[in-house]
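Residue numbers (this note's numbering), protein chains in the order written: chain A, 2 to 299; chain B, 2 to 299.
FYI, nobody ran anything at the bench for these hints, they're computed from the structure. Since the model is a prediction, treat every value here as computed from it, not as a measurement. Keep in mind that a hint or two might mislead.
To be verified - Covered stretches of chain B (chain A as the covering partner; in silico rule of three or more C-beta atoms under 8 Å from a C-beta of chain A):
1) 70-84
2) 96-106
3) 176-187
4) 231-245
5) 288-295
What the hints assert, rightly or not - Here are the computed lysine to any residue pairs in the SDA-like style, where the Cα-Cα straight-line distance is at most 20 Å:
6) B:K222 <-> A:D86
7) B:K9 <-> B:K222
8) A:K222 <-> B:K9
9) B:K222 <-> A:Q80
10) B:K222 <-> A:K222
Idealized CB from N, CA, C, for every residue including glycine.
Number of protein chains: 2
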Amino acid sequence: MIPAHADKMLGVDWGTSNRRAYLVERGGRCLARHEDGQGMLAVGGDFAGSLAALRQTMRVDDAVPVVMSGMIGSAGGWQEVPYLDIATPLAALASHLAPVAGHPGCLIVPGYCTRADGVDVMRGEETQLLGALALGVGDGTVVLPGTHSKWVQLRGGRIARFATFMTGELFAMLAAGGTLAAIMGPGEDDDDAFAAGIAQARLGLPLSQSLFGARARVVAKDMAPSKARSFVSGLLIGTEFTASGAGPGARLSILGSNALGAHYARAARHFCEAPAVLDADAVYLAALTQLLQGSQHE
Amino acid sequence: MIPAHADKMLGVDWGTSNRRAYLVERGGRCLARHEDGQGMLAVGGDFAGSLAALRQTMRVDDAVPVVMSGMIGSAGGWQEVPYLDIATPLAALASHLAPVAGHPGCLIVPGYCTRADGVDVMRGEETQLLGALALGVGDGTVVLPGTHSKWVQLRGGRIARFATFMTGELFAMLAAGGTLAAIMGPGEDDDDAFAAGIAQARLGLPLSQSLFGARARVVAKDMAPSKARSFVSGLLIGTEFTASGAGPGARLSILGSNALGAHYARAARHFCEAPAVLDADAVYLAALTQLLQGSQHE
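Using the sequences provided together with the hints, build the complete structure.
Here it is, written out as structure tokens:
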């Protein structure tokens with residue numbers, strides 16, 4: 002729990018490779034912001050030292066509570082925080098913050114776990130979802146593109162279900178080595194090839210089959226090698242849309258206004274109405290404000 | 002076309018990384034056999050020189066015709082040989098051998114291409130399928146496990162359809178780096194985890210989702226990390242079975258009596274009757290004999 006008297010808070014989205022930190026005041030204004038590569042892997046276990054250095058950089062004294070989200074709460078992070086079940090409303094995150102043992106004022110946001118259709122987990126995205134709710138995103142589907150994209154169905158302030166897709170990781174792996182790498186070199190985005198990848202995804206064949214199909218198209222001279230990168234991108238992203246049943250009438254919000262978010266918005270056109278695209282920074286700030294204000298009502 | 006007077010033939014299964022060579026006589030007896038790492042990538046473009054060295058090693062003189070199959074007939078091989086459509090019967094391969102320009106007595110077996118459900122191609126497997134037919138494999142499904150596994154439906158001596166799955170390549174990639182690598186270290190085969198992977202495959206979710214689920218099971222403490230390798234193996238192989246609609250009553254032949262073939266035979270138990278398992282060497286020899294004998298009837 003954030004102390005009720007706190008009028009400022011340091012929020013840190015602390016992931017595996019990077020972290021983003023924001024100093025917010027109760028009204029929601031962002032007083033300072035910092036981003037660096039001191040993710041979980043770079044810190045080498047000294048999270049307290051790393052946080053102290055961050056406070057110094059941002060000129061935030063020790064009295065200001067810090068709320069951290071992301072992989073910092075995983076087994077390899079500062080302290081493992083058990084997952085919440087998705088029955089717990091997002092608004093209740095404020096009362097489920099886990100204090101870091103021995104470090105007063107240091108709190109970690111718990112992630113969520115679900116056990117429908119196998120097991121799925123999130124850490125960090127729950128905070129963004131809280132921010133999305135605060136920004137007026139209602140019932141519908143929220144997509145969080147990334148190395149591990151999340152598709153979340155929101156219903157009445159709760160996560161009804163969610164699914165993770167290793168889209169970004171698979172794309173990077175396939176481009177880095179193996180059969181497809183030779184034809185997945187950096188190139189211009191190709192709308193037609195992206196659409197062809199989406200059309201292939203709609204067939205619902207396993208990715209292990211459709212990915213080989215990208216190479217088969219090239220060696221059978223049905224597709225120029227320069228189009229393979231966009232085809233694979235469309236195939237992997239289209240697979241998410243197909244699996245999630247996104248269709249006409251779907252209320253889709255994409256959380257991320259960067260280049261990757263733009264790819265998802267481009268894919269969405271093939272399935273449903275134009276999605277709302279939210280800025281990830283704005284969403285995270287809204288979440289922090291929510292957590293800080295929520296502390297007043299407890 | 003193999004000269005009708007030839008009473009011996011050198012057959013080379015010439016792949017990307019390796020090659021296997023057999024000297025066969027018309028009756029089907031194998032007179033010599035050689036295997037080495039002089040695949041397409043190692044040869045550096047000098048296929049004629051590499052073949053001459055192979056002849057020397059195996060003491061096969063220049064008068065003996067050589068029939069080559071596999072990636073040697075691809076764009077990066079000795080000479081690109083156009084794919085046959087699957088309407089062409091396997092028995093007709095003998096009359097579609099492509100002579101290598103400027104190298105009399107050097108022939109390449111063409112691969113097959115299909116354009117159902119996207120595009121798919123094979124090079125090398127067609128020769129093995131010819132051998133399987135010769136060994137009595139009739140209508141039904143032939144599985145050729147490997148880096149790129151093939152599932153082939155045979156009907157009346159023709160390929161009715163086929164599908165390729167990048168199963169072996171994906172497994173190796175995932176084990177080598179990224180999110181799953183840490184939990185996919187070498188370990189004992191675990192039957193229960195393999196079966197759990199197959200059960201997950203049956204749900205028909207995209208692999209990009211189910212693969213993340215392997216990690217989610219571990220971090221949510223639903224599965225011991227030591228089981229992840231077998232789970233992923235069951236998931237990827239089970240995906241092939243599920244996509245291919247293998248069910249009770251299916252006539253399945255697995256082409257490969259090695260450790261990988263055993264994994265597929267183990268998976269088959271979850272779907273259908275015990276498959277026939279054929280030895281890849283025996284199958285290739287049968288194919289060469291078939292090509293050599295076929296030349297007599299032309």
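Results of checking the hints against the structure:
no.: 1; hint: 70-84; verdict: holds (count 3)
no.: 2; hint: 96-106; verdict: violated (count 0)
no.: 3; hint: 176-187; verdict: holds (count 3)
no.: 4; hint: 231-245; verdict: holds (count 5)
no.: 5; hint: 288-295; verdict: violated (count 0)
no.: 6; hint: B:K222 <-> A:D86; verdict: 14 Å, holds
no.: 7; hint: B:K9 <-> B:K222; verdict: 61 Å, violated
no.: 8; hint: A:K222 <-> B:K9; verdict: 36 Å, violated
no.: 9; hint: B:K222 <-> A:Q80; verdict: 16 Å, holds
no.: 10; hint: B:K222 <-> A:K222; verdict: 47 Å, violated
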